[in-house]
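Chemist: Single-letter residue listing:
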Amino acid sequence: MKVMKMPWVNGLAAFGLVVAVTGGFAAVGSAQSISGQAYGAYVNTPVASFAQSPLAVLPYITGTDGDIATAQADALNVGGALSSDFLNSTTTGELGTADAGSQSTATVADINILNGLITATEVIANVVSTRTASGAWSNANGSSFEGLTVAGVPVTSGDGWVAPNTQMSLPGVGYVVLNEQIPSGDGVTSSGLTVNMIHVYLQSLTGGGCTVLGCLPGTLTDTGEIIVGSATSSVGP
Amino acid sequence: MWQKHKCSSVVPGLLVVALLAACTQDAMNPDRGTAGKPSFKKETGGGCPVKKFTGGGRIDPTNPNTNADFEDGASGFAALTGKVTFGFNVFLDNQCNVMKSEIQVVHHPSKTRWHVSVHGGVSDFGETVQATTFPSLSGRGWCIIVGPVTARVNGQQGQELVAMEACDNGEPGSQRPGLSSVGPDSFKWATQGHGDTDLTYLTGGNIQAH
Numbered sequence: 050m051k052v053m054k055m056p057w058v059n060g061l062a063a064f065g066l067v068v069a070v071t072g073g074f075a076a077v078g079s080a081q082s083i084s085g086q087a088y089g090a091y092v093n094t095p096v097a098s099f100a101q102s103p104l105a106v107l108p109y110i111t112g113t114d115g116d117i118a119t120a121q122a123d124a125l126n127v128g129g130a131l132s133s134d135f136l137n138s139t140t141t142g143e144l145g146t147a148d149a150g151s152q153s154t155a156t157v158a159d160i161n162i163l164n165g166l167i168t169a170t171e172v173i174a175n176v177v178s179t180r181t182a183s184g185a186w187s188n189a190n191g192s193s194f195e196g197l198t199v200a201g202v203p204v205t206s207g208d209g210w211v212a213p214n215t216q217m218s219l220p221g222v223g224y225v226v227l228n229e230q231i232p233s234g235d236g237v238t239s240s241g242l243t244v245n246m247i248h249v250y251l252q253s254l255t256g257g258g259c260t261v262l263g264c265l266p267g268t269l270t271d272t273g274e275i276i277v278g279s280a281t282s283s284v285g286p
Numbered sequence: 044m045w046q047k048h049k050c051s052s053v054v055p056g057l058l059v060v061a062l063l064a065a066c067t068q069d070a071m072n073p074d075r076g077t078a079g080k081p082s083f084k085k086e087t088g089g090g091c092p093v094k095k096f097t098g099g100g101r102i103d104p105t106n107p108n109t110n111a112d113f114e115d116g117a118s119g120f121a122a123l124t125g126k127v128t129f130g131f132n133v134f135l136d137n138q139c140n141v142m143k144s145e146i147q148v149v150h151h152p153s154k155t156r157w158h159v160s161v162h163g164g165v166s167d168f169g170e171t172v173q174a175t176t177f178p179s180l181s182g183r184g185w186c187i188i189v190g191p192v193t194a195r196v197n198g199q200q201g202q203e204l205v206a207m208e209a210c211d212n213g214e215p216g217s218q219r220p221g222l223s224s225v226g227p228d229s230f231k232w233a234t235q236g237h238g239d240t241d242l243t244y245l246t247g248g249n250i251q252a253h
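Here the protein sequences come in this chain order: W and S.
Going by our numbering, the first residue of the first sequence is number 50, and it counts up by one from there.
Going by our numbering, the first residue of the second sequence is number 44, and it counts up by one from there.
Derived by calculation from the structure, the hints in this document are not laboratory data.
Mixed in with the good hints, there may be bad ones.
[Claimed, not checked] Listed next, the stretches of chain W that the computed footprint assigns to chain S, with coverage defined by at least 3 CB atoms under 8 Å from CB atoms of chain S:
1. 98-104
2. 128-140
3. 148-158
4. 180-188
[Said to hold, decoys possible] Here's a subset of chain W near chain S, in silico, CB distances under 10 Å, partners left out:
5. 143
6. 145
7. 171
8. 175
9. 177
10. 221
11. 222
12. 226
[As the list claims (entries may be wrong)] From the structure, some residues in chain W lie toward chain S, with a derived Cβ separation under 8 Å:
13. 113
14. 115
15. 173
16. 191
17. 192
18. 208
As the structure is a prediction and not an experimental result, all values here were calculated from the model.
Ideal Cβ placement from N, Cα and C applies to all residues, glycine included.
Build the full structure now, drawing on both the sequences and the hints.
Modeler: See below:
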């Protein structure tokens, strides 16, 4: 199959444009009864930062209506923190007379985090939130990792699923949470879910040390984070 | 390559075949107009019972398609296989003309992205686009077929005739955790040059007729 190549998209320029276009939507999004967003990557480390990108935020919806937002980038590279390509973010939502729903998807390919510490052929973050007369619920069905390796350890072979909130240690760096799921709502009139497929928490040891009186342990301090493949959806009254 | 679709004795099934086949060069009943713009004649009368469809999620068609929605007319064969993610929003008028729509579909194995945009009843390529909505063959909900219509491929790099079918068979549209493709909602993406996904149960996501 012929694959068409797009020209390289300058990450910073793309991010600036996306923020300019979607910032207004995000500001009013919290007041609506459905919301959704998806992005490919976010980097905040002591040596490199990059805001959520490519970011798709569901526009404000009123009455009985629906809408969609999409954002994409051919590649995203942030110093030695992250390289990736073919990033696609989509969020859709609808308000009906009998039900309401929101669904978001973020996909990222050819992922390399922290110079090969974590690699994956592709991740897909997929969430859905629905509210009907019988209740409200959310799920992350369809979220997956393809060819995921963490600190040299293969986690998935081919396209696979990892249990929600699986934590793995990254010695000297911190830890990573795979398929991180953050629910919200009461499950009756409201429900929401954020899934971060790869969430790296960077930590450093501060304080501690030994004196003639003995040794004191140091304290692990969060120094940054890297998120790859994030999707959020929610429905509310 | 375009896949042959099994015919059904039920009218909506025939519609699926006819409308999607309009994408092919050997369309069964195409009316391509004088400027070569793809269009088709609606084959049934009546109004447009459901005028808004929205959805998003993921399908995983195989060939033969073990995730096929046979109850709603799937053929069981897919040329476009592997991970496919999608999102769409379609608004119709009383005659089932597409007045406003955005459709984005991504085929991950080939890194191909299609995008359809219709505003004010006209696509980015100047086409008027028709749709058909009908009760799902399984009796579980409603389905929509949109197109054929021209989509942008990977941004501004190309274009291709496409058509979409989506069925809302209940809430939520994907009901089993993990990577099980059991729906009950289903989605099909048909393209002129890349083949089609067959009508495949959702692995994740949801489709809503509203």
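Chemist: If a hint holds in the structure, say so; if it does not, say that too.
Modeler: Hints versus structure:
no.: 1; hint: 98-104; result: violated (count 0)
no.: 2; hint: 128-140; result: holds (count 4)
no.: 3; hint: 148-158; result: holds (count 7)
no.: 4; hint: 180-188; result: holds (count 3)
no.: 5; hint: 143; result: holds (4 Å)
no.: 6; hint: 145; result: holds (3 Å)
no.: 7; hint: 171; result: holds (6 Å)
no.: 8; hint: 175; result: holds (4 Å)
no.: 9; hint: 177; result: holds (5 Å)
no.: 10; hint: 221; result: violated (32 Å)
no.: 11; hint: 222; result: violated (29 Å)
no.: 12; hint: 226; result: violated (18 Å)
no.: 13; hint: 113; result: holds (6 Å)
no.: 14; hint: 115; result: holds (4 Å)
no.: 15; hint: 173; result: holds (7 Å)
no.: 16; hint: 191; result: holds (2 Å)
no.: 17; hint: 192; result: holds (7 Å)
no.: 18; hint: 208; result: holds (7 Å)
Of the numbered hints stated above, those contradicted by the structure are hints 1, 10, 11, 12, listed in ascending order.
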